[in-house]
Structures are given as structure tokens and as C-alpha cells.
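Protein chains: 2
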Amino acid sequence: MSKPSLVKGTRDFGPDKMVKRNFIFDTIKQTFQRFGFMPLETPTMENLSVLMGKYGDEGDQLLFKVLNSGNFSEKISQHDLDEGYKKLTSKISEKGLRYDLTVPFARYVTMNRGELTFPFKRYQIQPVWRADRPQKGRYREFYQCDADVVGTDSLICEAEIVLMIHEVFKNLGIDFTLKINNRKILTGLSEMIGQAGQEGTLAVAIDKLDKIGKEKVLEELTERGFSQESILKLDPVFEIAGSNAEKFEKLSVLLQDSETGKKGIEELQKVWSVFNAFDLSEEHVELDITLARGLSYYTGAIFEVKANGVQIGSITGGGRYDNLTGTFGMPGVSGVGISFGVDRIYDVLEELNLFPENQSVITKLLFCYFDEQAQEYALPLLGKARKAGINAEIYPETAKFKKQLDYADRKQIPFVCIIGSEEIETGQLTFKNMISGEQKKLSFEEILQELQAVL
Amino acid sequence: MSKPSLVKGTRDFGPDKMVKRNFIFDTIKQTFQRFGFMPLETPTMENLSVLMGKYGDEGDQLLFKVLNSGNFSEKISQHDLDEGYKKLTSKISEKGLRYDLTVPFARYVTMNRGELTFPFKRYQIQPVWRADRPQKGRYREFYQCDADVVGTDSLICEAEIVLMIHEVFKNLGIDFTLKINNRKILTGLSEMIGQAGQEGTLAVAIDKLDKIGKEKVLEELTERGFSQESILKLDPVFEIAGSNAEKFEKLSVLLQDSETGKKGIEELQKVWSVFNAFDLSEEHVELDITLARGLSYYTGAIFEVKANGVQIGSITGGGRYDNLTGTFGMPGVSGVGISFGVDRIYDVLEELNLFPENQSVITKLLFCYFDEQAQEYALPLLGKARKAGINAEIYPETAKFKKQLDYADRKQIPFVCIIGSEEIETGQLTFKNMISGEQKKLSFEEILQELQAVL
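So the sequence lines, in the order shown, correspond to chains E and D. The working numbering numbers the first residue of the first sequence as 1 and each following residue consecutively. The working numbering numbers the first residue of the second sequence as 456 and each following residue consecutively.
Since the hints were made in silico from the structure, they are not lab data.
Stretches of chain D that chain E covers, calculated by requiring three or more beta carbons in the stretch to come under 8 angstroms of a beta carbon on chain E:
1. 460 to 471
2. 597 to 609
3. 731 to 737
Ideal placement from N, C-alpha and C gives every residue a C-beta, glycine not left out.
Here chain E stands alone, though its shape is the one from the complex (with noise of 0.2 angstroms):
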């Protein structure tokens, strides 16, 4: 008799939690929807031919392997083991778990190309897995919510998920700021300053600017090799501030020389002419020439965005990609993709008591009885409250009163319906609202007209 347990990093969701999911994934599901996105779904399990490579060498250690079926070790021998782990894996297995949907979507796209309507825009929401060390708020399993529009680079595109990380974060209830840059204007940066080439190393640490300063990000450049010239020609870069215009305005000075850097400025500046067209407010929209997130992969505009008023970091991200299927050997398949982080939105809302108490899932109404002939009267009367679209449960047993009413509490159903002789003689039943307490004396049909009107 062995005591069960979970598998470190993963997680039930029961009830309570599935419940306050669903309204999550609800949300983004219908707003892809309402955007024109369409729903797929891969497997779990992916050939490591296809995962491998993909995401570094780290990420190649974090991949979950399968083990072959049937008699894997037949044909390893002492020689084999002599070798290592690593070369190991590959004759003992040839499937893995999925780490990203990115890299299973690129399969997919080369593997459909002849049949898919390109421009092809795809919504996947499924949990992914990685081999991390689990921590707080780090778990071996995890879902992804992605969306992504590739086969065109229209910047239409770029400002279509501005709209729709909007129409999302509302119909959450969230309160947030995006961030947008470009990676062309980083790319211009480092030209600026006669450091051309050294994008990368700029962004990564001019990335922590929030955190560690001005002065300290100066120091990471200069120890990795940064000229004291260059460093000095960043210094306007940091005065960058004020309005979006106003940043724009003097960006547009400072890289007048980086041809890329004007590239840079001019996608942004159409994205932000789709913004007006769309009457967007730019309250939660802000130019941020110090973000960079992941940089290697992006080619054009970056986003990022925090929620207000949590120490969380961020909850959702994306951008332009140049090349998502090269790898398969699909060259220039360009797109741009967001990611929804689902379990920082989880705590987000959860900190911020913005949950709405309401839920569809749950069931509204209960019927209690004292006997089996109350039992049999209800029955019936169940039927009837579903049939008017109520969520309805029936108590299954004849049990002491308080405990069928236990029952409601702890199922956080609203109202309950109790049946008693007396009831069944005048057809006047009780209703109680488990919330108030208030408990009145109503027929049926009043009953069910109540319940229509309050839920």
C-alpha cells in the first residue's frame, strides 16, 4: 500500500482552481477568436530529432526524454555506458515532451505548407515541460498560450496584438503597461555608438537598466569591452523620456545615421499610425528603447507587459521573427507572436482580488429534502431548472439536514432549495440564499424566475 504522491514541479488543479483557470484561458481563447486567430493542437510527445538543437545546449538537458517501448537496452552494451548519459539518451530514446509550442508550430507549418492559408494566424494553448529545478513559482509543467499570424510582414500584424493584449488584459480586468521597442533600433544603437555587431552584448545589459542603474550597466559594458568613447556617446540614449512622441522625436535625431536604426523607428512609427486608426489610447502603450527579451530571436518590434501595482514580473511577451521554419528547411517564413504567461496572470489576479465571484462553472441551486417522498418530489423539479439552463444539483441521499446544506457551503452554491411534507403540501417551498441567509417561502416557477434574473 503505497502512499501517493505528485511528481516534483507538477500540480493538481482541483475545483477552485480549475475554476479561476478557465476564466483565463476563456478570456484569451475568445479574444483570439474575435481577432481571427484559429485553434491547433500538437502532441505531447515529439520526435528529439525535432526538439533537439532547438533551444540550447541548457535547453537540450531540460528536455523530458522517453524511453524507447519494448527492449531498449538489447543493444547497449558496457561500451555504452563507458560513453556517458548523454550519447546514451540517444540509443535508448527518441521522443521527448514538448519544451515550447513555437518549435511544434514550425513543425507543423513545414510539415502543412501546401494546404495552410497563409497569412496563417494560429492560437495553441497547451502545458509544456522542462526539466528545471522547481522553486517558487517555477514548475516542471506549465501551460502556454501563444498566438501567432506568419506568412506576411505586415506591420498591421504588430499592431493587432497591441489591440488584442488590450481587449485581453480589460476583459481580465488587469491594470498594465506595454512596453514596445524594435529590434532594429537596438541594432542602430550599437552602430551609433561605433560598437556595430555588438547589438547583443548592448541589449543584455542595457536590459537591466531598472534594476541596477545607469552607472552599473556602464560597468557591464566597459568590462566586456566596451570603448570609453562609446560609452560616453550612450549617455543622450539614458535622457531619452517623456512622451512617446516626444521619445520618438529624439530617437529619430540620435540614430539619424543608422540606416537600420531609422528602419527601426519607421516600423514602430507605423505600428503606432494602425494605433490611431484604431482611436487606441496610448495610456498603457509605451516606447522602451532599453527592452530587449530574448533578443537572438526577434527581428523587429519586441513587446512586454507588467501588470500595475504587483511585484510581478512579466506577464506577457512577444515579437517579430524572421526565420521560424529555416531550421525544418522553410526559409523565410517571417511572423510575430505573443505569449500569455497563465500562471503570473493567475497570481496577478489572485494579489489583486480581481477573480470574478460569479461563475458559470458552478452549480446555482441545491435541493435538499428531509425524506424520500420530499426526494421524489424534487426530482422532477431538478429536471425543470436544467431544462431552464440552471446549473442544479440534488442532494443523492436522505442525510441529516446540516449536512446537506454543509454540502452547499462548501461548494459555494448560491441557493438552495429544501423540501419538507409541508412543502410538498402547499407547493410553497423554501428558498434560502446562502450568501444573505434570507430564506423565503416561493413556488416553483417564482423560484426559477428569481434565479433567471439574479444569475
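Assemble the complex: chain E is given as a structure, and chain D must be docked to it using the hints.
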């Protein structure tokens, strides 16, 4: 540059399939909720100590096992290799993929027994994995769709399962036959013919009646050691026919000397009385004393559903069990559950052409345009359409008109709003019905009204 492929026995679900699958999932989910079932999700990976030994030897072999992270082979020697792959597995793998939803549910109930509200009604819709040989209709990854009530032996729950089945298939539009039996009746039959304790053998043979006919069933029983006398006694069982009421009557006479058999009839009759209380027509329900379904597990009612008018096996099944969590040290948890087979339900709907056409997921309106100016004109309208609750898109690039209409066609977008210089001048936009081909000039407000009336 590798040519990517799917893991054998797994599938991508592109937008077309996802829309149809979600129709099934949403229908089932909504019904589960209407009946007071709450959602649960458990992790993909479980400890092998939780999974092993729960599905028989064959099941243990069919579990996908996950290689331990890090240097898993460090302590493996030639001696371990010599002992064979089964022993070796336990040294390099501690986790496996979920094989069904029942064992994880049992683990969850055991681990959370102190906090759960009993009777506990949960539903769970998640994929499971089996290292089976893939073949037509059999996959290595597939969804299960389960609902269970545990912690009560009330027969109302059996009746509610039957009501739920009716509700689900009514909403899916599938004509079906639901067969019901009770394990105690099978026990009674084996007692009646003087083969007490042999209900397993009896059930396996009798279960094949439909497929192989009476003669072959009796042959099989003879081969398995049933006496000629007992087989003669079985004869009247095959004569049981007619309405459910007639079957109950004949069965009562047959089983009058078996206490267990009579208990089984009594239980089923109680379930039937709840049908009556709910005013459920018996049209789809059939008492079938030859129904067995994994007898060793079920202890009371047994259910099975087939779709009428197609040659596809059972699409739903379930029953009453008495010992869900015993293997985890929590005895006496009785429950009744049902599992919907999504892949087969999909095939039924496809074969009978029953999928609804007007899916809510799909984009309803596409804006097409001839130039940049028309694009700018369209953007605010796109925003308005979405605000009005209409899933809408704009073709993201100025492209040939045919290409834009092709996009609408291939994405099955039913309406297109076409904007050119004339439309901008007059405010009368071209509104095209992509299905009928009909095309007319309307103001944008009129277009919104038409769409809201139609969708």
C-alpha cells in the same frame, strides 16, 4: 536540415479538426456542469509507483516511461544490463505518462481526502498515452472525457449518469442506444445455472452474443468447463426479450433464488423509477443482461452507448465501482462514472454529417481593400465590428483582390466587406455573402445589423 515528422500514433489537430473537436468537448463540458460536476486536471507525468500494477502486466508494458534527468546512467553497470530491460527501467526511470484518468483521480482523492466535499463530483478532460501498436482508430495519444461521483452509493447517481448521456447526445444530435446491466445480475445468472463464482467466464462469453451468436457462446462455455446441465439452464436467458418491463418480469422469475441477482434487479428498478420521476422516455434505453464491459472493475450498474445508423463500436461506457482508492490505502470509496470516447464520437458526427456549420470560433467578416487608403479606412471599422462581438479580420497586406477572396474562402469566412475608392466616397460598402455569392451595397451600420441578425 532534417525533414520533420510526427511521433508514430500521434496527431496534429489543425484548425478544421479543432473546431469540430471543441464542439464535442464544449457540449460535454456544459452538460457536466449543468449536472454539478466540477473540473479537475492532474499532471501529465505521474510517479511510476502510482501507475505501475494498476493496469495489469500488459498495461505496465504500455506505459510511456520518462528517463530520469541528469546523469541517469551513472550507477548503471553491466550487471544491470544483464538483468534485462524491465529491471533496468526501474533504475533509470521514475515517472510515466498518464495512462487513463481514473488512477490519477484516485490518487487525487486519496491525497486530498481531508479537503474534498463528498459526494465529490468531478469531470476531467485530458489526453492519455499508451504505447500500443498504432492502427486505424487507435492512437498513442488520445483524449478521455470522464465524469465520476464518488463517496455515495445513491442510485440517483446512476440515473443522473443516464440523464447526462441523453443530454450530451441530444445536444450533439446523435441518435443512440444506451444499454444497461448490473454486475449483480451476471452474478445471479452464474448462481442460477450452478456456476457460482464463474460470472467472469460467463460474462466474457455472453458479451459476444451479438457478434458470434448463441451456438458459439455455448461452445465457448463448454470449452471453459461449464457442465451440460448448467448450459441447458442458461437457455431461458436467451429468450428474454420484449420491452424493458417485460425483461424485468422474466428476469425476476429466473433469478428468484439468487439473493445477489435479486439485489441487482432491485437496484436497476430503483434507477428506472428515477427515470420516471424525471419523465425520461425509455426510447433510447435498453436493459441488456449480456452487457459485461471490464466486469472485474464494476460492481453495480454497467452502461454502454452505441450510435444508431453507423458501424462504430461503443462511444461511451461506464458503471458503478466500490473501491476506487483502496490501492492507495483509502478503502470504501464507492462511485459511479462515465467516459465519453471523443475520437469515436468525432467519427460518428463526421460519418453522419452532423457537425454544425456555423461554428462560433470562425471569423465571420473579412475586410478586403484595394490600396493603402482603403486599408486606413477599413481599420476603424474592423475595430467597431469586433466591439459589436463579431469575429473579424482584415487582410493584412494590399494584395491582389482574388488572393484576398481566396483567403476568405479557404478560411470559410462567410462574409466579406470590400472597400475601394468608390466605397470610401459614398460610404456604401460592398458586402458579399461568400456562400451564396450575393453582393450588395450597404452602409457599415447596415452591415453590422445584418451580421448580428444572421450570426
